[in-house]
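A.B. asks: Each chain, written out:
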Amino acid sequence: GQQVMQIPQYQHVQEGEDFTTYCNSSTTLSNIQWYKQRPGGHPVFLIQLVKSGEVKKQKRLTFQFGEAKKNSSLHITATQTTDVGTYFCAGRALYSGAGSYQLTFGKGTKLSVIP
Amino acid sequence: ETGVTQSPTHLIKTRGQQVTLRCSSQSGHNTVSWYQQALGQGPQFIFQYYREEENGRGNFPPRFSGLQFPNYSSELNVNALELDDSALYLCASSLAPTSGGLQETQYFGPGTRLLVL
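Those sequence lines, one after another, are chains A and B. Counting in this note's numbering, the first sequence runs from 3 upward without gaps. Counting in this note's numbering, the second sequence runs from 14 upward without gaps.
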């Protein structure tokens with residue numbers, strides 16, 4: 003079945019440093035979503051990417067979808083302590099069948115920011 | 014807050030027991046998805062309900078079953094609990110996806126933390 007891999011598993015950065023997490027799918031995706039989960043919380047939707055090569059920005063966050071629609075990245079510029087949490091990508095396979103909207107999540111990248 | 018509520022917040026059960034978890038979706042949302050999130054892992058898709066019918070199922074055994082009611086609230090039932098069922102169970106509500114394969118935004122509830130002893 004479809005697998006979504008994320009690296010790194012953990013990242014510790016000094017406040018103000020940049021951070022990037024990478025997501026790779028074993029199959030071509032129709033779209034990819036990114037979520038943030040704070041410690042003890044639930045996943046919160048950040049963004050969805052649909053088009054090949056798409057780049058979207060949200061303030062200090064930059065999201066990219068690969069040309070082949072099999073990989074994606076999230077880059078945070080000048081991290082802040084409020085960025086702490088686990089970042090998940092989740093993709094829907096391009097051919098997952100009619101009526102099925104299964105999202106496959108990666109294992110996430112846990113970000114720690116040292117003040 | 015997303016407007017998605019789940020109950021109970023925490024639950025302790027023993028092996029072999031049965032459990033029912035509940036979810037109220039955000040107003041206007043007719044689709045509910047259930048996920049299992051083990052410690053240190055990403056959420057794993059269990060199944061999705063759209064207009065009271067199962068609309069897709071992940072790799073979970075039949076002892077995981079669900080219901081969606083006319084008001085779009087939902088239940089997740091797990092029979093014959095096993096130790097490995099200990100996890101955070103999340104429901105997420107959304108509108109049905111638009112055409113072209115776009116995935117509607119999912120709004121997660123706070124989850125039910127289940128511990129099986």
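Treat the hints loosely; a few may be bogus.
[Stated by the list, open to error] Chain A regions said to be covered by chain B (calculated; three or more residues, Cβ under 8 Å):
# : segment
1 : 46-52
2 : 108-114
[As the list claims (entries may be wrong)] Okay, the calculated beta carbon distance ranges per label pair:
# : chain 1 : residue 1 : chain 2 : residue 2 : range
3 : A       : Q16       : B       : R70       : 28 to 34 Å
4 : B       : Q54       : A       : S114      : 15 to 21 Å
5 : B       : P21       : A       : P10       : 31 to 37 Å
[What the hints assert, rightly or not] If you want a taste of the chain B side facing chain A, the calculated C-beta under 7 Å gives, among others:
#  : residue
6  : G41
7  : Q54
8  : G55
9  : P56
10 : F58
11 : G69
12 : P74
13 : L103
14 : T118
15 : F121
If you are wondering where the hints come from, they were derived from the structure by calculation, not from laboratory data. Quantities reported herein were computed from a predicted structural model and do not represent experimental measurements. Virtual Cβ for every residue (Gly too), placed ideally from N, Cα, C.
A.B. asks: The structure should be examined with respect to each hint, and the outcome stated for every one.
C.D. replies: For each hint, the structure was consulted:
no. : hint                        : verdict
1   : 46-52                       : holds (count 4)
2   : 108-114                     : holds (count 3)
3   : A:Q16 to B:R70: 28 to 34 Å  : 44 Å, violated
4   : B:Q54 to A:S114: 15 to 21 Å : 18 Å, holds
5   : B:P21 to A:P10: 31 to 37 Å  : 35 Å, holds
6   : G41                         : 16 Å, violated
7   : Q54                         : 6 Å, holds
8   : G55                         : 3 Å, holds
9   : P56                         : 5 Å, holds
10  : F58                         : 5 Å, holds
11  : G69                         : 4 Å, holds
12  : P74                         : 15 Å, violated
13  : L103                        : 6 Å, holds
14  : T118                        : 5 Å, holds
15  : F121                        : 4 Å, holds
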